[in-house]
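Asker: Residue-level listing of the chains:
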Amino acid sequence: LAKTTQPISMDSYEGQEVNITCSHNNIATNDYITWYQQFPSQGPRFIIQGYKTKVTNEVASLFIPADRKSSTLSLPRVSLSDTAVYYCLVGENQAGTALIFGKGTTLSVSS
Amino acid sequence: EPEVTQTPSHQVTQMGQEVILRCVPISNHLYFYWYRQILGQKVEFLVSFYNNEISEKSEIFDDQFSVERPDGSNFTLKIRSTKLEDSAMYFCASSSGTGVTNSYNEQFFGPGTRLTVL
Chain A
58 LAKTTQPISM
68 DSYEGQEVNI
78 TCSHNNIATN
88 DYITWYQQFP
98 SQGPRFIIQG
108 YKTKVTNEVA
118 SLFIPADRKS
128 STLSLPRVSL
138 SDTAVYYCLV
148 GENQAGTALI
158 FGKGTTLSVS
168 S
Chain B
24 EPEVTQTPSH
34 QVTQMGQEVI
44 LRCVPISNHL
54 YFYWYRQILG
64 QKVEFLVSFY
74 NNEISEKSEI
84 FDDQFSVERP
94 DGSNFTLKIR
104 STKLEDSAMY
114 FCASSSGTGV
124 TNSYNEQFFG
134 PGTRLTVL
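Chains as they are written, first to last, in the numbering used here: chain A, 58 to 168; chain B, 24 to 141.
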């Protein structure tokens, strides 16, 4: 399994764009990059997944460079409700595969 | 929007007692999972279940743990003889496996059951 490294914590203000970078130097050819979000006392929630280049959905964008050794989750114009832990996961996009979580990045958004 | 539900939300038990945590996965999903999160620590995979059998389990999932899908809707986790270190939040998750959502392996988590072992 590819090891992931991401910042332990980040601070931001409302309305700012937040970029969380994850490094995964040992990513395998079949691996996808997936980000989950977890609010306090709740289960994790899928945000976005990508394999290469850029993926965008209604919540976030995911930027993946050509070498795929890192990825950046971009949250546009964060609000207080975006305060959560964000996890970067790397693994096969295969149904039934266990999700292996790291410690994640705790994002704190203040006004 | 369909969601995974779990009961109870909080379970307090004495060390050595058996507990059963219950989950109702999203109705058309085929894959089911249990994870746990000790307070302040990361989410840890316990077990995955497909086609009425365990497909993968972690080292944490020892003989004290068992899972069952007793009917077409419920998915349970049993801990036979609880230990103090079993105190954690237990999350059930499910996935469709069909790729109709964002990912073949997008897992939908329930709100969790907080297990406290005294």
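Simulated from the structure, these hints should not be mistaken for lab results. A virtual CB, placed ideally from N, CA and C, is assigned to each residue, including glycine. There's no promise every hint is true.
Some chain A residues close to chain B (C-beta under 8 Å, calculated; not the full set) [to be verified]: (1) Pro64; (2) Met67; (3) Ala155; (4) Gly159; (5) Thr163; (6) Val166.
Asker: Each hint: holds or not?
Answerer: Hint by hint, here is what the structure shows:
Taking 8 Å as the C-beta contact cut-off toward chain B, the hint placing proline 64 of chain A at the interface is violated, the least distance being around 15 Å. Violation of the interface hint for methionine 67 of chain A is found here, the shortest Cβ-Cβ separation to chain B being roughly 17 Å, above the 8 Å cut-off. Contact between alanine 155 of chain A and chain B, as hinted, is supported at the beta carbon level, the nearest pair being about 4 Å apart and thus within 8 Å. Among the interface hints, the one on glycine 159 of chain A holds; its C-beta lies about 6 Å from the nearest C-beta in chain B, closer than the 8 Å criterion.
Given hint, threonine 163 of chain A at the interface with chain B, is violated; its Cβ is 11 Å from that chain's nearest Cβ, farther than 8 Å. Taking 8 Å as the C-beta cut-off, the interface hint given for valine 166 of chain A is violated, the closest approach to chain B being about 21 Å.
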